[in-house]
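Visitor: Each residue of the sequence shown is one higher than the one before, counting from 10 in this note's numbering.
In case anyone wonders, no lab produced these hints; they're calculated from the structure.
There's no promise every hint is true.
To be verified - Derived Cβ-Cβ restraints for the label pairs, each shown as a range:
id, residue 1, residue 2, range
1, 277, 109, 20 to 30 Å
2, 225, 165, 47 to 57 Å
3, 119, 307, 19 to 29 Å
4, 109, 199, 52 to 62 Å
5, 310, 71, 32 to 42 Å
6, 216, 60, 26 to 36 Å
7, 312, 67, 40 to 50 Å
8, 198, 267, 24 to 34 Å
Unchecked claim - Capping the alpha-carbon separation at 20 Å, the derived lysine to aspartate or glutamate pairs in DMTMM-like fashion look like this:
id, residue 1, residue 2
9, 75, 52
10, 67, 82
11, 109, 63
12, 268, 223
It should be emphasised that the depicted structure is a prediction, and the values quoted were computed from it without experimental measurement.
We put the beta carbon where it would ideally sit given N, CA and C, even for glycine.
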Amino acid sequence: MSKFLSSIALAGVLALSLVACSGTTNGDSAGSCVATKAGASSDKVAVKGKFGAEPTVKFTTPLTAKATQRTVDIAGKGTVAQSGSAVSINYSVYNATTGKRIDTTGFGKAKAQPLTLDKKSLIPGLYKAVACSAAGSRISAVIPPVDAFGTTGSASLGIGAKDSIIFVIDVVSAKKPVTPLKKANGAAQPAPKGLPTVTLAASGEPTVTIPKTDPPTTLQIADLKKGSGATVKDGASVTVHYTGVIWGTGKVFDSSWTKGTPATFQTSGVIPGFGKALVGQKVGSQVIAVIPPADGYGTAGQAGAGISGTDTLVFVVDILATQ
Numbered sequence: 010m011s012k013f014l015s016s017i018a019l020a021g022v023l024a025l026s027l028v029a030c031s032g033t034t035n036g037d038s039a040g041s042c043v044a045t046k047a048g049a050s051s052d053k054v055a056v057k058g059k060f061g062a063e064p065t066v067k068f069t070t071p072l073t074a075k076a077t078q079r080t081v082d083i084a085g086k087g088t089v090a091q092s093g094s095a096v097s098i099n100y101s102v103y104n105a106t107t108g109k110r111i112d113t114t115g116f117g118k119a120k121a122q123p124l125t126l127d128k129k130s131l132i133p134g135l136y137k138a139v140a141c142s143a144a145g146s147r148i149s150a151v152i153p154p155v156d157a158f159g160t161t162g163s164a165s166l167g168i169g170a171k172d173s174i175i176f177v178i179d180v181v182s183a184k185k186p187v188t189p190l191k192k193a194n195g196a197a198q199p200a201p202k203g204l205p206t207v208t209l210a211a212s213g214e215p216t217v218t219i220p221k222t223d224p225p226t227t228l229q230i231a232d233l234k235k236g237s238g239a240t241v242k243d244g245a246s247v248t249v250h251y252t253g254v255i256w257g258t259g260k261v262f263d264s265s266w267t268k269g270t271p272a273t274f275q276t277s278g279v280i281p282g283f284g285k286a287l288v289g290q291k292v293g294s295q296v297i298a299v300i301p302p303a304d305g306y307g308t309a310g311q312a313g314a315g316i317s318g319t320d321t322l323v324f325v326v327d328i329l330a331t332q
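Let the hints inform the model, and build the full structure from the sequences given.
Guide: See the structure below:
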């Protein structure tokens with residue numbers, strides 16, 4: 010993941026901040042999608058170059074906007090990006106006060122950046138810029154602090170509390186959102202020996218019981234239910250319900266079930282062990298993954314979630330959709 014999106018895309022919560030992970034809602038259809046409008050500020054961003062090639066971007070500083078503005082520089086004719094869509098984009102992002110380019114990714118022969126169009130996992134301005142855009146479109150967006158990093162800014166990215174930012178985005182691809190399952194519906198599999206036991210409520214929410222033994226020292230992945238749906242590919246967008254438990258304490262440190270909504274993210278945007286547990290699985294499956302620190306948060310741990318650098322993690326994951 011690029012420098013900029015790794016700072017803003019909370020969809021990678023399992024690599025960044027577990028407690029922030031939220032799911033998408035597939036509420037917009039292409040016909041009902043209401044695009045963010047252009048404005049005087051976004052129209053002042055001069056963009057030259059062919060779609061797919063790195064653009065030449067010029068604007069007079071400082072450039073500000075009270076609300077996110079979105080100008081279509083090139084109108085695409087492909088699938089329209091909607092809430093819940095898996096999209097891939099090329100982009101350049103600038104500090105609208107200083108004119109400095111903060112980051113760029115994709116363009117030319119570089120690989121486009123995949124992401125899931127999710128109001129809860131992206132800064133609002135980026136969501137508004139991409140939503141309702143057809144694949145093949147190039148968009149210029151001016152995003153005020155309220156739709157970016159708020160009153161704190163982002164010191165690591167050189168963005169002040171009062172700085173607007175500018176995105177120039179090529180929407181390379183977009184897929185229609187899929188309707189996820191409510192819970193894993195695959196065929197039950199024999200309980201794996203030596204791993205935590207799992208019992209399920211009628212809703213599908215798991216309760217995990219940790220054995221009174223030392224945790225495995227290597228990554229362990231086992232099927233609890235085997236689904237028959239689409240196969241999760243490396244880098245794909247996947248929608249899941251999950252519960253995460255610390256082996257040493259048995260404490261649940263995060264769960265999409267308690268949030269009331271599944272989580273959607275790219276398999277490449279999570280901790281390594283979690284991603285490995287998903288790739289190659291089929292929709293409808295439920296898997297258990299026992300993740301040692303080397304495949305989790307490493308020696309740094311994740312203090313915000315109560316995870317130390319020596320903690321082994323246990324995830325029970327229902328795979329509900331992929332695209």
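Visitor: What are the numbers of the hints that this structure violates, sorted from low to high?
Guide: 2, 6 and 12
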